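Generate the whole structure from the sequences, applying the supplied hints.
Here is what each chain is made of, one letter per residue.
Number of protein chains: 2
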Amino acid sequence: MAASALDVPQATGSQGEFREKLVAEGLLLPSSVPGVTGQGPAFVALRHRLDRAIDRLLANEGAVAMEFPPIEPRHDMESVGYLTSFPQLAGSVFAFHGEEAEALQLGEKAHAHQDWSGHLQAAGLVMVPAACHPVYPALAHVGVPAGGVTVDTGPAWVFRHEPSDDPSRLVAFHMRELVRAGSPDTVGAWRDDWRDRALEFLQSLGLPAAFDEANDPFFGRSGKVLARSQRAQKLKFEILVPVGGDNPTAVASFNAHSDHFASVFSLGADVHTACLGFGIERCVLALLFTHGLSFDDWPADVRAALS
Amino acid sequence: MAASALDVPQATGSQGEFREKLVAEGLLLPSSVPGVTGQGPAFVALRHRLDRAIDRLLANEGAVAMEFPPIEPRHDMESVGYLTSFPQLAGSVFAFHGEEAEALQLGEKAHAHQDWSGHLQAAGLVMVPAACHPVYPALAHVGVPAGGVTVDTGPAWVFRHEPSDDPSRLVAFHMRELVRAGSPDTVGAWRDDWRDRALEFLQSLGLPAAFDEANDPFFGRSGKVLARSQRAQKLKFEILVPVGGDNPTAVASFNAHSDHFASVFSLGADVHTACLGFGIERCVLALLFTHGLSFDDWPADVRAALS
Numbered sequence: 001m002a003a004s005a006l007d008v009p010q011a012t013g014s015q016g017e018f019r020e021k022l023v024a025e026g027l028l029l030p031s032s033v034p035g036v037t038g039q040g041p042a043f044v045a046l047r048h049r050l051d052r053a054i055d056r057l058l059a060n061e062g063a064v065a066m067e068f069p070p071i072e073p074r075h076d077m078e079s080v081g082y083l084t085s086f087p088q089l090a091g092s093v094f095a096f097h098g099e100e101a102e103a104l105q106l107g108e109k110a111h112a113h114q115d116w117s118g119h120l121q122a123a124g125l126v127m128v129p130a131a132c133h134p135v136y137p138a139l140a141h142v143g144v145p146a147g148g149v150t151v152d153t154g155p156a157w158v159f160r161h162e163p164s165d166d167p168s169r170l171v172a173f174h175m176r177e178l179v180r181a182g183s184p185d186t187v188g189a190w191r192d193d194w195r196d197r198a199l200e201f202l203q204s205l206g207l208p209a210a211f212d213e214a215n216d217p218f219f220g221r222s223g224k225v226l227a228r229s230q231r232a233q234k235l236k237f238e239i240l241v242p243v244g245g246d247n248p249t250a251v252a253s254f255n256a257h258s259d260h261f262a263s264v265f266s267l268g269a270d271v272h273t274a275c276l277g278f279g280i281e282r283c284v285l286a287l288l289f290t291h292g293l294s295f296d297d298w299p300a301d302v303r304a305a306l307s
Numbered sequence: 001m002a003a004s005a006l007d008v009p010q011a012t013g014s015q016g017e018f019r020e021k022l023v024a025e026g027l028l029l030p031s032s033v034p035g036v037t038g039q040g041p042a043f044v045a046l047r048h049r050l051d052r053a054i055d056r057l058l059a060n061e062g063a064v065a066m067e068f069p070p071i072e073p074r075h076d077m078e079s080v081g082y083l084t085s086f087p088q089l090a091g092s093v094f095a096f097h098g099e100e101a102e103a104l105q106l107g108e109k110a111h112a113h114q115d116w117s118g119h120l121q122a123a124g125l126v127m128v129p130a131a132c133h134p135v136y137p138a139l140a141h142v143g144v145p146a147g148g149v150t151v152d153t154g155p156a157w158v159f160r161h162e163p164s165d166d167p168s169r170l171v172a173f174h175m176r177e178l179v180r181a182g183s184p185d186t187v188g189a190w191r192d193d194w195r196d197r198a199l200e201f202l203q204s205l206g207l208p209a210a211f212d213e214a215n216d217p218f219f220g221r222s223g224k225v226l227a228r229s230q231r232a233q234k235l236k237f238e239i240l241v242p243v244g245g246d247n248p249t250a251v252a253s254f255n256a257h258s259d260h261f262a263s264v265f266s267l268g269a270d271v272h273t274a275c276l277g278f279g280i281e282r283c284v285l286a287l288l289f290t291h292g293l294s295f296d297d298w299p300a301d302v303r304a305a306l307s
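Just so you know, the sequences run in chain order A and B.
Residue 303 in my numbering sits at position 303 of the first sequence; the count goes up by one each step and never skips.
Residue 75 in my numbering sits at position 75 of the second sequence; the count goes up by one each step and never skips.
Calculated directly from the structure, the hints in this document are not laboratory data.
The reader is advised that the hints may include incorrect statements.
[What the hints assert, rightly or not] Below, a sample of chain A positions facing chain B; criterion: calculated Cβ distance under 7 Å:
no.: 1; residue: 64
no.: 2; residue: 65
no.: 3; residue: 87
no.: 4; residue: 97
no.: 5; residue: 103
no.: 6; residue: 110
no.: 7; residue: 134
no.: 8; residue: 141
no.: 9; residue: 144
no.: 10; residue: 161
no.: 11; residue: 196
no.: 12; residue: 218
no.: 13; residue: 219
no.: 14; residue: 229
no.: 15; residue: 232
Remember, predicted model here, so these are calculated numbers, not experimental data.
Glycine included, each C-beta is placed from N, C-alpha and C at the ideal position.
Below, the structure is given as structure tokens:
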């Protein structure tokens, strides 16, 4: 059967139960759309604790802070080939470009909850799909120094259109990435070093974190070939933790891009890039699943690491 | 002449010069789309300083933290009438709902930078237009306590589709809002109190901030009537600071909603709401324009207030 963009994994029974508990305790504030979730005070506080712990983890990295909105130019997403690999995950922003008479029609349909999408046109903007994506055109603007550079995106909002009732599979979530651009050997060594440090960091938070080779969710039959090739070349690694049930969930990932982004954005003849990303909400959910819903009852060493 | 959604104020000469300086100094990282801008390390550091100063300003408010993604359900935006008042500013998220054969066509067009928007459909999601918007349905979920409640949205990404080369008019920016829900008299007193406190706060940062009555940018001819009515009822106030040139720019605003949001989301028979919002990037830009581009050269009392 042909793959459909609407095939999205939904919650298992125990993941659904975990979601219900998070909502009942006010940690999550559900909306009417699956995967679009507000965060209550206790969840926000945990996210900030984790952000600060990652700040400390990165303190000696000498990373340059670059932060970006949750939208980026459509042209950049087209250039990197995202729409070929992940058409099912992309979000595009449409807007109204008309005049008053048409605005009146749009307003009346919207008021009646009827379909007003026909009044909109593509606005040249897409949702940022990974925190590192806007970094590459920005590096093209400022230039990659001879010794290479590491960029810290901060906790950035990213978008994946896979509406699900699994609390770990959000349509919008924070991803914090470190991006390394430089010579191929230093970038490779950087990624291997951070793979170990990130695993150690997550284990220091009491998480039963394990490391695995992985592939991206490329779409369709041709996607299966890309996924196999990515695994064969060991381009992607993930750190997995059980969240809400049976299947371990990726809370961090490490990607080697070779010269893909560097060549699209002309970052230099001998430049490679790699990135490390933490899924912030998934890390918080993994902590809540592992240690329980009340921070005050967590092990003392974990609370100290998240001060 | 009929108003068009594409009529957007562009930079004056001095606003354009200010933008050029910000880019040259690496404070802003321009993209290929006007109004969509990355932030370099010095800008990010200033934003974090301001966030912490606002944390301290709010410390005794007893506000409940609720944070939301930059997207919200389309149904909620329809329900509050945003599309009638501001159709020109709204952003809607479209996604691909098809199967493999169509995905192939989409990918090929995208690769060639051709129009692939015809392969997309509305995804039931819109860009959050103001940080307070997702708060009201969340309050409907958790309930408004008898004594009322104040919510702190944190610095949330919001979207206004008005692409401009004026550095103060961004398509995506952080807005931090306090939202008050409660009895009409306590909500009114809360807004008046915060109007004074916010003005004092911005003046304590050395900004030549002034206070004025205002109206929202309602669309078209019927919008002019709404704007006059909003001013006559004194429902909106702004704090203005010169940023980049001649026209003072709103960096904070105060809105009284009477029972508008409360009745749409059934928050209670005698509940009114009001909000106070800081435009975070505009505040940072106002500081840079007032004190110069290097934080280390700012007046000592301003640096102390932003520690």
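The hints, checked one at a time:
Among the interface hints, the one on residue 64 of chain A holds; its C-beta lies about 5 Å from the nearest C-beta in chain B, closer than the 7 Å criterion. Look at residue 65 of chain A: its Cβ gets to within about 4 Å of chain B, closer than 7 Å, so that hint holds up. The interface hint given for residue 87 of chain A holds, since its Cβ lies 5 Å from the closest Cβ of chain B, which is under the 7 Å cut-off. Annotation: residue 97 of chain A was flagged as interfacial toward chain B, and the flag holds, the nearest CB pair being 5 Å apart, inside 7 Å.
Restraint check, residue 103 of chain A versus chain B: the minimum CB separation of about 5 Å is within 7 Å; hint holds. Using the Cβ-Cβ criterion of 7 Å, the hint placing residue 110 of chain A at the interface with chain B is satisfied: the shortest such distance is roughly 4 Å. At about 6 Å, the closest approach between the beta carbon of residue 134 of chain A and any beta carbon in chain B falls short of 7 Å, and the interface hint on this residue holds. Because the smallest distance between the Cβ of residue 141 of chain A and any Cβ of chain B comes to about 6 Å, under 7 Å, the interface hint for this residue holds.
For residue 144 of chain A, the interface hint is violated, since its Cβ never comes within 7 Å of a Cβ in chain B; the closest pair sits about 14 Å apart. The beta carbon of residue 161 of chain A is positioned within 7 Å of a beta carbon in chain B (closest approach about 4 Å), and the interface hint is therefore held. The interface hint given for residue 196 of chain A is broken, as the beta carbon of that residue sits about 27 Å from the closest beta carbon of chain B, more than 7 Å. Given the 7 Å rule on beta carbons, the hint for residue 218 of chain A is violated: about 11 Å separates it from the nearest Cβ of chain B.
Of the supplied interface hints, the one on residue 219 of chain A holds, with its beta-carbon coming within about 6 Å of a beta-carbon of chain B, less than 7 Å. Checking residue 229 of chain A against chain B: minimum C-beta separation of about 17 Å lies over 7 Å; hint violated. Interface hint status for residue 232 of chain A: violated, as the beta-carbon distance to the closest one in chain B is roughly 22 Å, over 7 Å.
Hint violations for this structure: numbers 9, 11, 12, 14 and 15, all remaining hints satisfied.
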